[in-house]
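Trainee: Top line first, the protein sequences correspond to chains A and B.
For the first sequence, our numbering begins at 827 and goes up steadily by one.
For the second sequence, our numbering begins at 12 and goes up steadily by one.
Any given hint could turn out to be false.
[Said to hold, decoys possible] Subject to a maximum C-alpha distance of 25 Å in a straight line, what follows is the list of computed BS3-like cross-link-like pairs (lysine-lysine):
| # | chain 1 | residue 1 | chain 2 | residue 2 |
| --- | --- | --- | --- | --- |
| 1 | A | Lys-982 | A | Lys-884 |
| 2 | A | Lys-982 | A | Lys-994 |
| 3 | B | Lys-277 | A | Lys-982 |
| 4 | A | Lys-982 | B | Lys-276 |
| 5 | A | Lys-982 | A | Lys-898 |
These are calculated hints, taken from the structure and not from any lab test.
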Amino acid sequence: MSPIPAAQHRAIAFPANWPVRLGWTALVLYLLYALSHLELTPARFLAGLEFGRNFLLKLLPPDFARWELLLKGLEESLEMAVLASALGVALALPVSLLAARNLMPGWVTWPARMLMVVCRSFHPVIVAILFVKAVGFGALAGILALTVASLGFLGKLFTEAIEEISLKQVEAIRATGAPFMSVISYGVLPQVFARFIGFASYELDANLRNSTMVGIVGAGGVGGTLFAAFQRFDYDFVCAIILSIIALIIAGEVLTNAVKKVFRA
Amino acid sequence: MTPDGIARREWQRFTPMERLARYGVYLAIVAAIVVSIRTVQVIPEFVLDAPEQIGDLLRRMWPPDAAFYPEGIHAALLDSIHIASVGTALGIAMALPFGFLAARNVTPAGWLNWLARLVLISARSINTLVFALLFVAIFGPGAVAGTLAIAFHSIGFLGRLFAEALEVASPGPIEALRAAGAPWPSVIVYGYWPQVAPAFWALVLFRWDINVRESIVLGLVGAGGIGMALDTALNLFQWTRVAMVLVAILAVVVIAEVAVTYIRKKII
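When you get a sec, could you build the whole thing from the sequences and use the hints?
Mentor: Written out as structure tokens, the structure is:
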């Protein structure tokens, strides 16, 4: 063996990584290009800051005088979130069982997966527009839109959880000659139940956030009140609505965390 | 207890308190659903009519108007993606300081942690669309409002998860650097950063993916991008154009998701 030259022997702690540097340059160039497309000029930004200051002054102090209207909107948002989550769980359970590759043959999993991808791809607000056109203004359109979104996300999370289970228990139950439904309820569900509760409470949280927004397109909830106040330049009421939405969302988060703790999910 | 008594003892998975808590949660869930069904204002005729109406809508949408893509969709769609990218980049720039301040091991000052967490929670609780409405009121309709809305909402998500990644970083390398007398910028760059970089890039990619979806709806409130084209087509009841916009959105979202999955596998 020939001796290694000293210069080659010494390793550099942070060596230059050319592909990474190239990637960085490309990323920065793309961002600059995108920025030039968006017409985000310093002059416009400075003008905006002046408007922003006036705007913030108009937001304060929040005006809770019409609290009855506000409360009605929040209540409807909450109900929509609860119903959409319940419907979403009810639909996502069978669909995710169909989509799990370890339980079902390929020709069943693909359609189920496609359905979930389509449901997940559209923002709830866009789905809400379509449902408003289909079933009219009001909470129903919002509930259906949030259900579609829930089916997409819960379906994906449930499917991943089911695919990670241990198949030994499933085989043991199959070996006793149990019918399909018993295999599911004794072999599969006990293994994933705690995680399902965690995902479902996460989805309830997400639905609560979105249920305050779908009202912007007329699908019920406090979003409609918010959008109307914006269009009437009623900014102190806007501020009151935003503050109450934040309170509702934080309360929802605390509640779902408590539920997760009970189920150790 | 006699051996016989032990053999006959009934074993249970949960303590009585745990069981009580579980049944309490079940009861609360059922009660919430029942109360919601009874009080939510849904007209039963509309529910029964819904499948027929949705079928009618889908018939009107078919076939998607492919000719509309080059004239009305392509440029707006690219705008949406640009809004998502620049918004994510701005969001990162604003989230990093709050992330460092919120991490208890990096910033050992309780009141600063608390303050940073408050900022992060508020940013996360205000929806992108609400930020968009605010920024449209400030900067006027257009992509600027949309970009800032995406950036501000992203702070909450990125900052919180980045702080969580920092808090689980191993203290060993950090102590070693401190012992060698390294100033705090070096501790962050050589101690924390190499440990949290993979988590950071995963977060950024994940957020960019979410932001692409969010940037698509921003146009509905006048904040630029493909949403404006969708809004116009909807208001004019041009259903075949609406269908084409939806097909384009679906394609972009799926491509973004595939790209993110691919890049994540490559760099992490």
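Trainee: Can you list which hints this structure breaks, lowest number first?
Mentor: Hint check: 1, 5 fail, others pass.
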